[in-house]
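Asks: For reference, the chains in residue letters:
Protein chains: 4
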Amino acid sequence: MVVILKQNPDKAQLKSLMTWLESKGVSVHTTVGAQQTILGLVGDTSALDIDLISALDIVEAVRRVQEPYKSANRKFHPADTVVKVGNAEIGGGGLALIAGPGSVESEEQICSLAEELKNAGACILWGGAFKSRTSPYSFQGLRGEGLKYLLAAKRASGLPIAAEVTDMSQLGLFEDVDMIIVGGRNMQNYELLKALGASDKPVLLKRGVSSTYEELLMSAEYIMSEGNGNVVLCERGIRTFENHTAHTFDITAVPVLKQLSHLPVIADPSNSSGRANLVAPLSEAAVAAGADGLIIAVHNDPSHAMCDGPLSLKPEAFGVLCRRLEKIRAARDSE
Amino acid sequence: MVVILKQNPDKAQLKSLMTWLESKGVSVHTTVGAQQTILGLVGDTSALDIDLISALDIVEAVRRVQEPYKSANRKFHPADTVVKVGNAEIGGGGLALIAGPGSVESEEQICSLAEELKNAGACILWGGAFKSRTSPYSFQGLRGEGLKYLLAAKRASGLPIAAEVTDMSQLGLFEDVDMIIVGGRNMQNYELLKALGASDKPVLLKRGVSSTYEELLMSAEYIMSEGNGNVVLCERGIRTFENHTAHTFDITAVPVLKQLSHLPVIADPSNSSGRANLVAPLSEAAVAAGADGLIIAVHNDPSHAMCDGPLSLKPEAFGVLCRRLEKIRAARDSE
Amino acid sequence: MVVILKQNPDKAQLKSLMTWLESKGVSVHTTVGAQQTILGLVGDTSALDIDLISALDIVEAVRRVQEPYKSANRKFHPADTVVKVGNAEIGGGGLALIAGPGSVESEEQICSLAEELKNAGACILWGGAFKSRTSPYSFQGLRGEGLKYLLAAKRASGLPIAAEVTDMSQLGLFEDVDMIIVGGRNMQNYELLKALGASDKPVLLKRGVSSTYEELLMSAEYIMSEGNGNVVLCERGIRTFENHTAHTFDITAVPVLKQLSHLPVIADPSNSSGRANLVAPLSEAAVAAGADGLIIAVHNDPSHAMCDGPLSLKPEAFGVLCRRLEKIRAARDSE
Amino acid sequence: MVVILKQNPDKAQLKSLMTWLESKGVSVHTTVGAQQTILGLVGDTSALDIDLISALDIVEAVRRVQEPYKSANRKFHPADTVVKVGNAEIGGGGLALIAGPGSVESEEQICSLAEELKNAGACILWGGAFKSRTSPYSFQGLRGEGLKYLLAAKRASGLPIAAEVTDMSQLGLFEDVDMIIVGGRNMQNYELLKALGASDKPVLLKRGVSSTYEELLMSAEYIMSEGNGNVVLCERGIRTFENHTAHTFDITAVPVLKQLSHLPVIADPSNSSGRANLVAPLSEAAVAAGADGLIIAVHNDPSHAMCDGPLSLKPEAFGVLCRRLEKIRAARDSE
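Residue numbers (the working numbering), protein chains in the order written: chain A, 1 to 335; chain B, 336 to 670; chain C, 671 to 1005; chain D, 1006 to 1340.
Calculated from the structure, these hints are not laboratory results. By construction, the Cβ of each residue, glycine as well, lies at the ideal position given by its N, Cα and C atoms. Please note that the accuracy of each hint is not assured.
Said to hold, decoys possible - Where chain C lies over chain D, by a calculated footprint (3+ residues, C-beta under 8 Å):
{"id": "1", "region": "1054-1067"}
{"id": "2", "region": "1136-1148"}
{"id": "3", "region": "1183-1196"}
{"id": "4", "region": "1216-1230"}
Use the sequences and the hints to build the structure in full.
Replies: What follows is the structure, given as structure tokens:
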């Protein structure tokens, strides 16, 4: 951490700052210039509250040098983490395809779809039960009932399942769900993250639409610092000025998150773009850029889906895509 | 609502769409052009799921004409709403000043501060107890204990109090809190919003850092459609490419929200900018633009605050600002 | 185009609008609802000034239905355009690799680099001569002298060359340059675009960092409407809140621009990310998503480059990347 | 400037960096930590090319501490600059109101409007002659002819005039124009800025829609470093995800630019919002926040304006606004 002092800092205040920093186990090196004095802090600065230092009268600015996340940081855990979800694995070189409908609509629907997705190449079944909708007048999902249908499809197909939680109070219903999805709107719902950190169930943590890479990793840190290391990061589009698509898919997140962290990184091209006809090229791009997997919206009849129709693939299109993705992955990993 | 069809739409599908729309009580007027056919839908379209229509094979695009919010919409409630918070009022021409520390630190601190703020001109005391912090390693607030100190300050000063809730499960502790604050990170925590809609306690709803005006109003709609009309909207800065300040204070939100909605609109210049030396000019701007009030971070000793030090005013500076704001309000409302 | 009228529009004004619209060869269909009247305009609306209509007292809003660009629009030119640059081609299924240094530094440098790039797989040599730098104190490029060295490298290597123009007045120097680059900062320098439209020299038009897809296509339209159809579109990163990288590479631009337009689309992963260690994954992603080519910064000695060092690949790394890209392209185009 | 080295930097490379830095007159202080080595550079670092240092193999990151602009920097010129435009002044405590039509349409129009604006309180007449339009099919302005009409209005009214230049080649026509406007799209047209720096004519430099405060100041620096100190900065809205208005008016720019620089700062509420009914509240906000002036679009008949109709005030509304603004300015400057 680097602290830049204002011109002519008060000496008593400066001394008190130095003493406090050293009491925190941090050593301080001072560079005095004609116009500025710079303090270089060396040691474990992650426990220093940057706000406290910034607020001092003698301080002009504080710049972090070290990343504020530890458990998620690749510097301290160089090897890739592999997260096991039932009999599936995310990370470690393979390509995990998670697929399912934006909304579970009936037991028949989800069971027959699960079979098709499994045959096409999906290794985890996903389905929406508790929905986060912008409008209170939109369909809110089948909620607990939807989860029951999803569990039936798990038993029938043998696929592990993933579903989104929208409030801590629902967690009791998720006991047999294999992976819990935290949607972008809840990425900074810290009470929920702490609750998820207390179990060891895999968590698929989606990036908020206006969250930085660092904020996403800090949210992972909330889960990991409570003891749950089974976190999968997911890029799902950010909000920009361009509104031709629902969001702007940030492909750079894939290689950057893999550089910064040892956690697996997957992508959600369906929600990123909001358009079925962009899912294939964006999926191929994500795999080429190094993604460990994808989560894709697939519906047996998108034109009559209760939600997410415009962004859902049909099962056949998903099957064709799976085969193409495998070729791209092979090309990416070739010499 | 306007539905733009693809070229040469399938006739059977088109007929089925028309029948379905009419069954919803919407009448349809068709404009056939050489290259495009446009359907104009007239009537109450707020119950139509735009996703469902967009997903149809024959549809190229759907454009809303009518706003999707009803309870919050000024078109249907032309008169300004006034929200009563204890003995204070927000909306209706006055200027409501809400002030307090980012974090309640002790009973002495908050009680003595409350007295100063009341004398300076604040009508509601605000204090942070449950904090939303980006890092799990940062101070998380005194939580329930902080609320107790805040309630003591309410009794001592006679000021009504406002505090932020960060999870539905905390609501039991807020019984004697006069106004509940929903922070920007929770603006789309819909389960929380529904729970707040079930009471009649005033809610201060802060705009999320990447939420549109319409999304903010739809979140207000979640509370109002459950029966609670005591909602105050708050602009608190949006996320843009400019990072000189914490966020970009969107002054335009003030007049636009007042045009679109009858709800009171206030501004939070402290969190918007993250810098104490910008609080005065941004407060003055917000009042000049028509804000019904402000929420301002004030701390007795910002240099040693447990959080939000860099953005907190000292009580004396707050007092000076209050007097200036009153003059600006008078100038704004003059002929 | 759809025109939404205010409630109870003045009848005389409405009649005058209708007459005017019909005089422009546009037919108007009216949908009268309880709360709104909607006019559906059918015919060639590209010549209607949307500002003029929006300004009318009786009009609430105007929504475009038809794209405002014609020459660049795939609807009117379904077949892919192939742009010839010397003996190279961009578009039509191949993968055109354009490579070179951010700044031409000497004749020896650029000639030896050209040879290496040609052997590695580049089909067009690019070099910076007139530089657009944020600071007047930064190196501004060798300007005319740089162009001379680049022309020498063209003669020596046989590669066609591309270079950026930063003002109309420089165009005389570009006679033997095979493709003119318009940088993102000049994407809306309309006087320059018109001047380029008057020749038939290929133009590589880079998207501005805050330009929408439609604005990019409208800038292409400026060139094409003057008679020059040899335009190549280039995604080079947009400005968002994320500042880990120089810009956010918008991969979605690649498939969307190819859907909307028949022009070739390439990508610039070097300037998008500003980091050499992201150029490979972003290049692979762009090709997987369907790009017709790439423009990549390569320097013989990035650590001592006069500009763009941090984002430049070494020639060997470029060679390795070229081989990988060819495999990805084959996988993308497979069944 | 602070240079953060990678772990275990190569010693020979480090020594060579140190020697080079010292040869530039910069002294270096080294802080060695267990995980990182930090170099603190002290002295005049504005001539160091940050790219060159970042590109070195041993360097992880470089952080600026000092602002990269000098002539525009308030640290080196504490007193406010006042720019004289004919008999008007911008800066120094007054409120300069610049007003006129988005497009000059005829001599009669602009002469009669000038008289009205002068009586209402404008001190400089502005009029569009060379227009920057997104579409080549939109009205491009009367160009040279428009300038002639504007000059006639200058003679008739006695008001100094301001007009926008869209290309360097037009400058010959601007000899009798009192202030040259550089639009947001040309804020980084560096060849144009250098040409304007060579004269001493006042320049109104508008912020680009995606430019940071620092980039705006660096563009001012291009003009000032060539010898022309008569620069007025102008906030005119930035591009964000919110598209209810044309752009998002960044009110924070006003106090921040005045803190960072000694140059006068004005605001353009008309182009920022694109809506006439927001011009008054945004103007009042800008003045309350400390703006030295405003540039406002006023048209005698907005419904029939050749461009910018939806954002133009009528002269009477402008007159009412002027009187209100004077009261707000007085309130702002009161004790």
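Asks: So, against the hints stated earlier in the document, which numbers end up violated here?
Replies: Hint check: nothing fails, all pass.
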